[in-house]
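*Asks:* Chain A is fixed; fit chain B onto it per the hints.
Protein chains: 2
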Amino acid sequence: MKKLINSPESVVSDALAGLAAAHPALTVDVERRFVRRAAGTAGKVALVSGGGSGHEPLHAGFVGPGMLDAACAGEVFTSPVPDQMLAAAQAVDAGAGILFLVKNYTGDVLNFQMAAELLEDEGIESRSVLINDDVAVEDSLYTAGRRGTGATLFAEKIAGALAERGADLPAVAAVAERVNASSRSFGIALGPCTTPAAGRPGFELGENEIELGIGIHGEPGRRRAPMAPASELAEAAVDAICTDLDFATDGDVIALVNGMGASPLIELYVVYNEVHNALKSRGISIVRNLVGNYVTSLDMPGFSVTLCRADADLLELWDAPVQTPALRWGA
Amino acid sequence: MKKLINSPESVVSDALAGLAAAHPALTVDVERRFVRRAAGTAGKVALVSGGGSGHEPLHAGFVGPGMLDAACAGEVFTSPVPDQMLAAAQAVDAGAGILFLVKNYTGDVLNFQMAAELLEDEGIESRSVLINDDVAVEDSLYTAGRRGTGATLFAEKIAGALAERGADLPAVAAVAERVNASSRSFGIALGPCTTPAAGRPGFELGENEIELGIGIHGEPGRRRAPMAPASELAEAAVDAICTDLDFATDGDVIALVNGMGASPLIELYVVYNEVHNALKSRGISIVRNLVGNYVTSLDMPGFSVTLCRADADLLELWDAPVQTPALRWGA
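Residue numbers (this note's numbering), protein chains in the order written: chain A, 1 to 331; chain B, 1001 to 1331.
So that you can see chain A by itself, here it is in the shape it has in the complex (with noise of 0.2 Å):
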């Protein structure tokens, strides 16, 4: 294993403290592990998301004015304690309540639940809603349900924007509700990932394999398959999120053409390509884009693809202004 790491007890500490270095408008607690914005907007809803480390940018790259006001890091494809949860709250709390933006993995699910009845005891109102977007498998070996992925950079970016103008929590839950029920993913492996922790391949795959529905913590998906070109990878993507979700109807998407760590943005940009003609002969049109690496696993080759139903008032949310450390534009 070669990784640009100190050690592997320290990837996590050492990461933090280089975003902290790099975005001085980000508060970071090292020791406790989370990361916030440095100023509070008293009324305004608190979002805290958080998950297992290893996903960078998601979590504390999306961090800023316009998305998540904290994030919490765990361990590596390890969930943070309620404790973390609890003292990002806390700190980016503004009168208004919490919303947590909480992936689908087990672990996660339990410790946002602790933490919100923690918080509770402190006199804080907060909601959960529940990223569930990967279509690929039902339970996994990190999930009862769903797992979450790309959706939750949707969730996280949309319902940002709505608590910036001042929404309420029940309207701001609502929306990250509403990104959620209306977006699907599904991923694909060339490759494995390797955690610092152990040190060598989470699983293997042969010389000419693909593993089709792989999730983020390299868990199996649904089945492997023999390498293809990518225009069979992206139409067997887009096969798989639209047969679980109609997206034809309305006919406009916000996508994702996610890179999983280790595959160039050279390709994704082909994948891309191949993405946007699998929805055209769909009749589903492309409305805005993401192509790069935002939802990853370590040094996972390979790529998911994410799709939103827009309308109107979920684009506007999407347009306006974010200024963190991934997702940067307008004003």
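Calculated directly from the structure, the hints in this document are not laboratory data. Careful, some of the hints might be misleading.
Claimed, not checked - Some but not every residue of chain B turned toward chain A, in silico, with C-beta under 10 Å: (1) 1001; (2) 1002; (3) 1006; (4) 1017; (5) 1053; (6) 1193; (7) 1232; (8) 1286; (9) 1292; (10) 1297; (11) 1329.
Even for Gly, the Cβ is constructed at its ideal location relative to N, Cα and C.
*Replies:* Relative to chain A, chain B alone:
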């Protein structure tokens, strides 16, 4: 070889088609392989760059207001041809001349020179600025003199901002030259990259071996060494850079901690933290930074560091608004 492509022959065209589909603000000539802004600005110096593909987002990802006017894409790791450069320059010429920004590789240098001559025949004035910031080696497989790497991004951003303000061709060329003279880079590979055409790694490294001073095409660096912690690798890069140019006198730098393509963001933030510390101990402060994949080598794991001396003028131009696929900030 597993890559997200349709065929080695079509990878560049397919990626350009994806870029066109994803970024409607750009005009992409897929056949002649250049990307340009949709609208020109009368009387503005036009910035044109380009080079072999495989370094994405460089260069096409830096086309847009505040940065390049056009970028030419060659085959993977192969210079574009003069006809492409001529066509791109003619397409964006707005009457104030063309600035070619050329990374110092023999093919690029010769072809841009020929393009400048062809352009002169058409009555269009041009200047070329050579980028040669890589301190690792004097000559290499692809280069006479030093190679051009991360400073290209700095020159494109800063000269782009000055051109946007209506500066004339000599002034825009002068600031690009100043950025190049003020910048130094050094890269370290943990492993090789594989071109689609070759289908196998361009070189081999032992299980615990790295290459110090690697080029962005996998061409040899200074030496091979055993794998080491991120702190030592960052120190090696910073030491090579600061031995070559005294960054401590003024003390403020713009820093790029750049991923070579397959190293995940969590690792790049670990490296950033160490670069930050290594500079701090030398009395050098990073006043602006980028952390991520900007000047890549396909699927190579590893990183490079680029520093640019930052005086108030350069910083103001760095901070000016930019709207491109890969760099986006300001109004």
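*Asks:* Now look at each hint and say whether the structure bears it out.
*Replies:* Against the structure, the hints come out as follows:
1. 1001: holds (9 Å)
2. 1002: holds (4 Å)
3. 1006: At 4 Å from the nearest chain A Cβ, residue 1006 of chain B passes the 10 Å test, so the hint holds.
4. 1017: holds (5 Å)
5. 1053: This hint holds: residue 1053 of chain B lies near chain A, its Cβ roughly 6 Å from the closest one there, short of 10 Å.
6. 1193: With Cβ-Cβ at 8 Å, under 10 Å, it holds.
7. 1232: At 9 Å from the nearest chain A Cβ, residue 1232 of chain B passes the 10 Å test, so the hint holds.
8. 1286: Holds - the Cβ of residue 1286 of chain B comes within 10 Å of chain A, reaching about 8 Å at its closest.
9. 1292: It holds, given that the least Cβ distance between residue 1292 of chain B and chain A is near 8 Å, below 10 Å.
10. 1297: Holds, about 9 Å.
11. 1329: holds (6 Å)
The structure meets every hint from the earlier list without exception.
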